[in-house]
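Participant: Here is what each chain is made of, one letter per residue.
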Amino acid sequence: MVYTRKNQRDLTGAERRKFVAAVLELKRTGAYDEFVRTHIDHYSADGEGRLRTAHMAPSFLPWHRRFLLEFEKALRRIDPTVSVPYWDWTRDNSPASSIWGEDFMGGNGRRADLQVMTGPFAHSTGRWNVTYAMSETRFLTRDFGRPRDPVALPTQAQLDEVMRERVYDVAPWNSTSASGFRNRLEGWAPGQGNERFRIHNRVHRWVGGLMLGGGSVNDPVFWLHHSFVDLVWSRWQQRNPGAAYLPAEPPPLGDSQYRKVVARHQPMAPWGVTPAELFDHSRIYRYA
Amino acid sequence: MIVPRRVALRSLFALAVTAFTGGALGRIATRTPSGEPSGAPHDPLAFDEMYGGRRILGFAGPGGAPVAFVDGRPLHLMRCADGGYVSPIDHYESCPTPLAATRAAVDELGAARLSRFAAAHGDHTEPTGGSPRGVHA
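Chains A and B supply the protein sequences, listed in that same order. For the first sequence, the numbering used here gives the first residue as 1, with consecutive numbering after it. For the second sequence, the numbering used here gives the first residue as 1, with consecutive numbering after it.
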């Protein structure tokens, strides 16, 4: 049975409560922290000479599609009516947006230590203790808009520009790929300061706090962000039915990307599933 | 099960910190008062300073990869294809040097200390295998 992922702004009060309750239950059992750990373990940068699966690589999109599916499967075991809503940050682009409500994601971090004090994921509730992160901080942190170097969320016009790409990805298949849908959407760009970080990356930078680093999954808004990134990919696939995942074949010996990226029919850790197998999600879920 | 593993990891950490910082301090000790290296090969990645109330220390490790510590705790600096560096604390701040990346990490850390995960993340290398830490989603 195909289920629907909705825009978070269209959820009813009851739907918001059910999503939050399922996430908190996953956290209580310890399963949530294993998702945090998986993300930490699969972040490698593209100047390190190692295989990259989750970021700075063509498999950025299918890796996160599968990651979301695993998370959603875990949520739906707790409550079969729940799916991962998406956050369209081109519309809901302010700290006052309802996504940050006390009954949903909670608000910004406080000035002194960036600690999120409101909503179900505030540390004071006793239900959101950060276990795996890059610092010993035990509470959720956010720093909306990066006040010391202000940045705005991506606009519809900027997203439209990404949607005009016609090829999935191009060599060298990393953060320096000058064109191609994947790197434009992931958001690595030349330039200085905020200009270097666009679309997907810029959203991580705008939320700030734990969303900046290896422990970004500790912020539940991670899932809503990546649900929208996946929606954008899905819409792009619809517009470009002939544009398959690239590279089709593994880069050969002698290529700078030899054994560093996942080709169309190669398995991705930790699931052993290939990008090709994740290309079509229409039999599992759809976007409203 | 968990406790002995943690203890073991901490001991390993302590050893690593001692070994690395010992080496770095040895190198620093060979510098003349003017700061110029005397005899020892110049390490362009070396730094040792107080920044934001933290002691940050860095040097070229095995194979020339940068090694950095914040208050004695290892910070994994990731090299990017554009030649810059990012830290596990902030993937979205690309810095031209290991020193700049370490300072940027301190800027984001606030009062918190680095965790053991900051020492080496993205720690898996096999295209078909799972994580060596045995993580499963």
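Certain hints may be false.
[As the list claims (entries may be wrong)] Covered stretches of chain B, as calculated for chain A (at least 3 residues, CB under 8 Å): (1) 72-82; (2) 89-100; (3) 113-119.
[Claimed, not checked] Each pair of labels, with its calculated beta carbon distance range: (4) R116(B) - R76(A): 26 to 36 Å; (5) E49(B) - R111(A): 25 to 35 Å; (6) R55(B) - P190(A): 45 to 55 Å; (7) E49(B) - F279(A): 46 to 56 Å.
Hints in this document: simulated from the structure, not taken from any laboratory. Predicted, not measured: the structure shown is a model, and the values here were computed from it. Where is the CB? At the ideal position from N, CA and C, for every residue including glycine.
Participant: Hint by hint, say whether it matches the structure.
Facilitator: Tested hints:
no., hint, verdict
1, 72-82, "holds (count 5)"
2, 89-100, "holds (count 6)"
3, 113-119, "holds (count 5)"
4, R116(B) - R76(A): 26 to 36 Å, "holds (33 Å)"
5, E49(B) - R111(A): 25 to 35 Å, "holds (27 Å)"
6, R55(B) - P190(A): 45 to 55 Å, "violated (34 Å)"
7, E49(B) - F279(A): 46 to 56 Å, "holds (50 Å)"
In the structure shown, a violation is registered for the earlier hint numbered 6 alone.
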